[in-house]
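Number of protein chains: 2
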Amino acid sequence: MSTLIDYQKFLAERTGLMRASEIRELLKITEGKKVISFAGGLPDPQVFPKAELAEIARDVILERGDKALQYSPTKGVTEFRVTLLNYMKKKGIAVRSDDDVIVTTGSQQALDIVGRTMINPQDVIIVELPTYLAALNAFRLYRPTLVGIPIDDNGMKTDMLEEEVKKLVSNGKRVKFIYTIPVAHNPAGVTLSIERKKHLIEIASQYDILIIEDDPYSYFVYDEGVDITPLKTLDKEGRVVYLSTLSKILAPGLRIGWILGNKTLIDVFERAKQSSDLHTSTLSQFIAIESIRRGVVDRTVERAKMVYKKKRDAMLEALEKYMVKGAWWSKPIGGLFLMLRLPSTEIDTKKLLPEAIEAGVAFVPGASFFADGSGWNTMRLNFSYPKLEEIEEGIRILSEIVKKKLKQA
Amino acid sequence: MSTLIDYQKFLAERTGLMRASEIRELLKITEGKKVISFAGGLPDPQVFPKAELAEIARDVILERGDKALQYSPTKGVTEFRVTLLNYMKKKGIAVRSDDDVIVTTGSQQALDIVGRTMINPQDVIIVELPTYLAALNAFRLYRPTLVGIPIDDNGMKTDMLEEEVKKLVSNGKRVKFIYTIPVAHNPAGVTLSIERKKHLIEIASQYDILIIEDDPYSYFVYDEGVDITPLKTLDKEGRVVYLSTLSKILAPGLRIGWILGNKTLIDVFERAKQSSDLHTSTLSQFIAIESIRRGVVDRTVERAKMVYKKKRDAMLEALEKYMVKGAWWSKPIGGLFLMLRLPSTEIDTKKLLPEAIEAGVAFVPGASFFADGSGWNTMRLNFSYPKLEEIEEGIRILSEIVKKKLKQA
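Respectively, the protein sequence lines represent chains U and C. Each residue of the first sequence is one higher than the last, beginning at 1 in my numbering. Each residue of the second sequence is one higher than the last, beginning at 1 in my numbering.
Treat the hints with care, since some could be wrong.
Remember, identical chains collapse to one label, so a pair may be satisfied in a single copy or spanning two.
Under the rule of at most 27 Å between Cα atoms (straight-line distance), these lysine-lysine pairs were calculated in the BS3-like manner [what the hints assert, rightly or not]:
hint, residue 1, residue 2
1, K173, K405
2, K67, K305
3, K67, K34
4, K67, K310
5, K309, K67
6, K67, K28
7, K50, K67
8, K157, K173
9, K67, K350
10, K387, K67
11, K28, K263
12, K167, K33
13, K75, K350
14, K325, K350
15, K351, K236
16, K166, K405
17, K310, K321
18, K67, K33
Simulated from the structure, these hints should not be mistaken for laboratory data.
Could you build all of it, start to finish, from the sequences and the hints given here?
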């Protein structure tokens, strides 16, 4: 039918913007193979509080089913929004008097809504190099000009940020917002130092830029003495838009995220969300209320810390033991990922992947996370999902493959 | 902060497209007042299968929690997609060999995805006059040219559709798709006759147009002998994209909808959905699998028929008894709504609303549902949510208000 053929052509342009993840295609090879996979991003299901959630789900449906199964307001179930505000305050996230909160269908929807309402074609958006791929996917749909700022062990290099902002401003460009994942960065695994956080806030204030702070991980860091003060708390001008989610501290299958920010913005986010999906699952929200209230989230956080710390330690020890000298890798204080950078820029980890899979290990080639196409000699390694006892072996195999490749390079 | 002020200006343009529902503002007046409301659209909670859902929720979390609480594929949990395909086949909805199905976060997301992937600015989209407001909201974001076709007791007037399509084609315009709610139309309450369904399919075939068939209601019609053959089944060319939802036949709080259509389109819908919210609530999908499997959806359908038929009958009887002569109202064979059109085009029901609320009854003024701004003397009346015993009194009060207004007009 010509209509469908026309649609294929028409949609080819659209799908250029919504490109199928080539990495996802590559990784499909792992299905059915015996492969130790560092390529996922899934939380470990042993962290899910199944018994408690089963009871809570049953209770909220039986006792509050008239509301829990019904349509609910776009901005979120009021009781849940209040619960979230209190939970955030308890965790040291400052809630201003001119703030509001909206519930989203996961953080992904928050990113899509931010992109949809805030990005005009060619607007300048600043991101870290690398950054969260799903955020790039969400933002790119709205055709921004992406400017990337490199990172190191202490997160985004804010001196380079300041230079770049000055340059853009002197060229008459307006920066719409800076998107940052300050704690336990995905994919880089690094955390923004407190000095750089303050510097970032200063730059944003001086040049009148908004900050989108994406924080899924600060609730369960593995090490003591690390500064995890949110940008939202350091900010005294209401210019930080704070995103978070229950995906890692309760369960991702519920699709519960939220945005905390200035009322003006939340109001517009609400209108965008309304036409997107009317509202987030009411049942999930009622389950979330009870999960926070009954301490299930707190206990899940403790279990996450315990399970993931061991796995992180196993991966770091194995890298110390086996990985080639000259390689750099991050030492994450939280989260689910670390990034590995190979000593030679002549190795393209995307080309390395099929060999690695053949040898029995998978990873995510890092270049997709870099908005400027660099980073081809990096890879993201997930430690939350593989079995603890497989991690050393997986790193050992990976290191062999890398050594072999370096000899050839 | 100037950034926020700039954002307010910037977003004022965007919010023109995402306009706050003025009706919603008007209806806020009802909060706290003793009002019989025909202005809602909520299913009656007595229809929700609470006891069974409580057990199912508990079971799926305990027995399948590792998957039910985890991230899941964008297109939907495979087992749920298979369950949906079988359920649709059982209900007489034809599934073609080149079809696929995607799970959406309610029908609203399906409408947003259709708009996002299929509408270029100024593309011609054909809708009924009136049509589902939330669909207009979703489509308008993408700036189509909306062309409306009037309806009568037998649904869209397909003779006028044919004339309009011919005119558009002769003016070199391409119609992207026709959006229709064939059974128990929201807000109009009418159902497309089988003759017109066939005519619609012919027109779409002759002029190579896609059809978006939105069908939340055909699963629970109240009267025997009504033809509810889906357009999807009459279509032999794969040009119907079929949308449906569990909102009225299980519970809306789960946010479960789906799209059945050609693989090519579903593939693009999948990419749009991925950046929108990654995937629909996994827990909701597992609950839905069991609800279909254990016959809970079938039993909910029976209960919905029983509860809503009584209410529909009560509203129709009361209109017969009290409403002014010369008024027209639809006689819905299913769904949750009927439409009332007042005999004089000099009455604007939006202006009537505050008086009606003062007298103790609320409705939704119909003009917002008309893409061309007509229909100002119509109103949508919901019968699913008010109490059965209130319906007659509500219609009586409404009729008094209308009579009074007509005397003045």
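Hint-by-hint comparison with the structure:
1. For the identical chains of this complex, K173 and K405 are neighbours neither inside a copy (43 Å) nor across copies (58 Å), given an alpha-carbon limit of 27 Å.
2. In this homomeric assembly, K67 and K305 come within 27 Å of each other (Cα to Cα) only across copies, at 21 Å, whereas the closest approach inside a single copy is 34 Å.
3. In this assembly of identical chains, the alpha carbons of K67 and K34 lie at most 27 Å apart only when taken from different copies (20 Å versus 46 Å within one copy).
4. For the identical chains of this complex, K67 and K310 are inter-copy neighbours only, at 23 Å across copies versus 41 Å inside a copy, given an alpha-carbon limit of 27 Å.
5. Proximity of K309 and K67 under a CA criterion of 27 Å is satisfied inter-copy only: 23 Å between copies versus 39 Å inside one chain copy.
6. When the C-alpha separation of K67 and K28 is checked against a cutoff of 27 Å, the pair qualifies only between copies, where the shortest distance is 19 Å, while the shortest distance within a copy is 41 Å.
7. In this homomeric assembly, K50 and K67 come within 27 Å of each other (Cα to Cα) both inside a single copy, at 23 Å, and across copies, at 11 Å.
8. Proximity of K157 to K173 under the C-alpha cut-off of 27 Å is restricted to the intra-copy arrangement: shortest distance 21 Å within a copy versus 53 Å between copies.
9. In this assembly of identical chains, the alpha carbons of K67 and K350 never lie at most 27 Å apart, being 49 Å within a copy and 29 Å across copies at closest.
10. Proximity of K387 to K67 under the C-alpha cut-off of 27 Å is restricted to the inter-copy arrangement: shortest distance 17 Å between copies versus 40 Å within a copy.
11. Only between protomers do K28 and K263 lie at most 27 Å apart by alpha-carbon distance; the minimum there is 20 Å, versus 43 Å within a single protomer.
12. In the homo-oligomer, the alpha carbons of K167 and K33 never lie at most 27 Å apart, since the shortest distance is 50 Å inside one protomer and 58 Å across protomers.
13. For the identical chains of this complex, K75 and K350 are inter-copy neighbours only, at 26 Å across copies versus 41 Å inside a copy, given an alpha-carbon limit of 27 Å.
14. For the homomeric pair K325 and K350, the shortest alpha-carbon distance inside one copy (21 Å) is at most 27 Å, but the shortest distance between copies (75 Å) is not.
15. For the homomeric pair K351 and K236, neither the shortest alpha-carbon distance inside one copy (47 Å) nor that between copies (45 Å) is at most 27 Å.
16. In this assembly of identical chains, K166 and K405 lie within 27 Å of each other by CA distance neither inside one copy nor across copies; the values are 41 Å within and 65 Å between.
17. When the C-alpha separation of K310 and K321 is checked against a cutoff of 27 Å, the pair qualifies only within one copy, where the shortest distance is 16 Å, while the shortest distance between copies is 74 Å.
18. For the homomeric pair K67 and K33, the shortest alpha-carbon distance between copies (20 Å) is at most 27 Å, but the shortest distance inside one copy (46 Å) is not.
Hint check: violations occur at hints 1, 9, 12, 15 and 16; the rest are consistent with the structure.
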